[in-house]
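J.: Now for the letters of each chain:
2 protein chains.
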Amino acid sequence: MRAPSIVAQVPTECVIGVDLGGTNLFAGVIDSELVVARRTRRTVAGLELSGLLDEIAGAVGELRDELGSGVDAVGYGIPCLIDDEHALAASSVHLPLAGVAFAEAMSERTGLPSFVDNDANLALLAEHRNGAAQGERVALMLTLGTGVGGAIMTGGELYRGAQGAAGELGHMTVDPDGPDCGPGCPGRGCLEAWISGSALAREARAAAQADPAGALGRALAQGREIAGPLVSRLAGEGDAAALGVLTALGEWLGVGLASLVNIFNPDVIVIGGGVSGAGELILEPARRVVAQRALAMPAAHVAIRAASFGAEAGMLGAALLARESIARRVAA
Amino acid sequence: MRAPSIVAQVPTECVIGVDLGGTNLFAGVIDSELVVARRTRRTVAGLELSGLLDEIAGAVGELRDELGSGVDAVGYGIPCLIDDEHALAASSVHLPLAGVAFAEAMSERTGLPSFVDNDANLALLAEHRNGAAQGERVALMLTLGTGVGGAIMTGGELYRGAQGAAGELGHMTVDPDGPDCGPGCPGRGCLEAWISGSALAREARAAAQADPAGALGRALAQGREIAGPLVSRLAGEGDAAALGVLTALGEWLGVGLASLVNIFNPDVIVIGGGVSGAGELILEPARRVVAQRALAMPAAHVAIRAASFGAEAGMLGAALLARESIARRVAA
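Protein chains in written order, with the working numbering: chain A, 32 to 363; chain B, 32 to 363.
No lab work stands behind these hints, which were simulated from the structure alone.
Some hints here could point you the wrong way.
Here are some of the chain B residues that sit facing chain A, going by a computed Cβ distance under 10 Å [unchecked claim]:
{"#": "1", "residue": "V66"}
{"#": "2", "residue": "R69"}
{"#": "3", "residue": "L80"}
{"#": "4", "residue": "L83"}
{"#": "5", "residue": "L84"}
{"#": "6", "residue": "A121"}
{"#": "7", "residue": "G166"}
{"#": "8", "residue": "G195"}
{"#": "9", "residue": "P217"}
{"#": "10", "residue": "A330"}
Estimated spans, in silico, between C-beta atoms of each pair [as the list claims (entries may be wrong)]:
{"#": "11", "chain 1": "A", "residue 1": "R359", "chain 2": "B", "residue 2": "E93", "range": "55 to 65 Å"}
{"#": "12", "chain 1": "A", "residue 1": "D211", "chain 2": "B", "residue 2": "E315", "range": "21 to 31 Å"}
{"#": "13", "chain 1": "B", "residue 1": "P260", "chain 2": "A", "residue 2": "G341", "range": "48 to 58 Å"}
Quick look at which bits of chain B chain A covers, simulated, 3 or more residues with Cβ under 8 Å [as the list claims (entries may be wrong)]:
{"#": "14", "segment": "52 to 64"}
{"#": "15", "segment": "154 to 163"}
{"#": "16", "segment": "184 to 193"}
{"#": "17", "segment": "295 to 307"}
{"#": "18", "segment": "318 to 328"}
Note that the coordinates shown come from a computational prediction; the quantities given were computed from them, not determined experimentally.
Positions of the beta carbon are idealized from the N, C-alpha and C atoms, including for glycine.
When you get a sec, could you build the whole thing from the sequences and use the hints?
T.: Now the structure itself:
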């Protein structure tokens with residue numbers, strides 16, 4: 032929670048949640064029952080900073096105008112390290128937000144109380160309050176999207192570390208000589224380099240080229256987009272190349288999860304983000320590798336589950352952030 | 032803190048701390064200033080369960096008899112996963128303690144209030160209360176001994192996870208196709224397999240064989256024990272093979288620390304255990320790799336330090352456990 036200057040007078044009944052990914056923005060009006068009353072989506076890949084902030088403010092304004100009645104607050108999930116002390120987006124791998132006082136900028140542009148947190152933190156907040164991690168004491172989350180986000184919750188509170196930057200579970204090294212992790216991360220062979228949506232597309236294209244006669248190979252030849260949804264569908268239909276890609280991704284996920292099981296002894300690990308749409312096609316191999324590699328006692332205890340809210344977890348969590356932040360202010 | 036049946040009447044002034052490693056047991060009488068008034072050491076490698084428990088009780092009895100006056104409590108650090116709910120040593124890689132209600136067994140054998148925790152947890156407790164992590168909010172510790180222990184402390188409290196088994200930082204996978212981790216851990220290429228004392232000895236023997244004319248090679252030919260102390264001394268004298276072994280170990284340590292920096296955003300990571308006697312010869316390469324691989328903001332923040340208490344951290348932490356546990360009972 033950072034930096035807004037407007038204080039609400041009553042507990043909010045109507046909030047907007049914004050989930051800003053590396054590629055798309057999802058925004059929705061969320062009612063008190065966590066139902067998405069209205070929603071909108073924008074593409075943000077490639078935008079410069081001011082265009083990006085305008086696009087976000089535009090999405091919020093569109094929802095507010097449609098709604099007609101008052102909006103109490105807006106929560107934003109952003110794919111950035113957060114610097115708690117300085118209320119900044121400290122660094123961002125996929126968007127030009129490094130060094131931006133994001134909540135303050137959005138308050139100025141929208142005139143609404145604005146709260147911001149890391150997108151994966153907010154996805155876990157939603158899953159913990161109403162979804163796959165409900166009631167669990169020690170919960171972790173990985174969001175497999177353009178990049179891989181992570182979040183840690185113990186005793187109902189997000190764990191933020193010394194500066195607010197904790198929880199980057201996608202940036203564990205699982206393969207020291209592996210591929211460069213990409214812009215914003217100086218690492219190599221991070222978990223993200225094997226289990227993100229980008230990694231899935233890269234491996235699927237390679238598999239399609241290696242098996243041009245298969246369904247995946249023919250899809251490539253037809254110029255179709257080789258990405259998660261297609262790969263999941265073809266794997267579900269039994270295409271060996273697509274199945275192989277998802278199995279390998281799930282096994283890498285399992286290598287990372289085994290380490291997290293040994294480190295955190297968690298009750299539950301929730302897998303969300305677009306890639307998690309593959310469901311059991313990646314979760315089954317991940318659980319198998321955890322059982323093979325992790326220490327027996329914590330491995331037998333942990334539940335590894337798909338996110339309840341799928342692609343909407345981040346947006347719902349952003350709305351919950353706004354709602355809980357305003358409720359805390361009123362209580363204070 | 033688990034299961035003892037005797038309640039002390041006053042805050043303790045005299046406690047015994049026992050640090051049980053995979054190879055040796057160190058026990059000491061610790062006064063209120065954390066000074067070790069008396070100490071003893073036993074070799075425990077290879078003992079069966081009842082012989083092991085007798086040996087530990089023997090060390091405690093020896094110190095108590097020498098002391099003449101009353102001992103208020105004994106704290107034990109053991110190299111085991113702890114099962115909080117069932118007050119058991121849930122599993123142990125290097126000693127036959129799996130399934131043993133350790134505190135209860137030692138209370139029975141010694142007649143003294145007995146408290147037990149994971150050895151690395153206690154080393155961090157000592158470093159946090161009086162050593163290299165003093166005053167730090169988010170502190171991690173790795174103990175590089177026969178195996179590699181780990182511990183996590185936030186806000187002055189040890190983090191234990193869902194069952195008490197958390198903090199096994201040595202069992203992060205850093206090399207998925209690496210060597211089997213060893214008995215008690217089903218993993219492969221765990222950090223422990225590259226940075227433990229056993230790993231150091233293995234790599235040093237290989238380096239000695241590859242360079243028979245060097246100082247390390249000549250030491251091997253003379254039948255000397257190729258282990259941490261000799262390797263550190265020869266490296267300090269400039270032997271290239273010994274230096275190479277410690278540099279490589281430090282770089283593997285850095286790979287693991289980079290992941291921990293990204294996950295926890297810690298204030299400090301303390302490196303203890305016998306191998307940490309190599310000091311800057313391993314810490315310098317570790318810090319270099321962290322700077323290369325970890326996310327910039329948490330990497331710039333974290334301090335990576337040698338343990339203040341060296342080989343005695345576990346024993347002092349065990350004494351602090353006993354003291355703080357008794358103080359809590361009196362306060363309750």
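J.: It remains to establish, for every hint, whether it holds in the given structure.
T.: Against the structure, the hints:
no., hint, result
1, V66, "32 Å, violated"
2, R69, "36 Å, violated"
3, L80, "19 Å, violated"
4, L83, "21 Å, violated"
5, L84, "22 Å, violated"
6, A121, "5 Å, holds"
7, G166, "13 Å, violated"
8, G195, "7 Å, holds"
9, P217, "6 Å, holds"
10, A330, "8 Å, holds"
11, A:R359 - B:E93: 55 to 65 Å, "56 Å, holds"
12, A:D211 - B:E315: 21 to 31 Å, "24 Å, holds"
13, B:P260 - A:G341: 48 to 58 Å, "56 Å, holds"
14, 52 to 64, "violated (count 0)"
15, 154 to 163, "violated (count 0)"
16, 184 to 193, "holds (count 5)"
17, 295 to 307, "holds (count 4)"
18, 318 to 328, "holds (count 6)"
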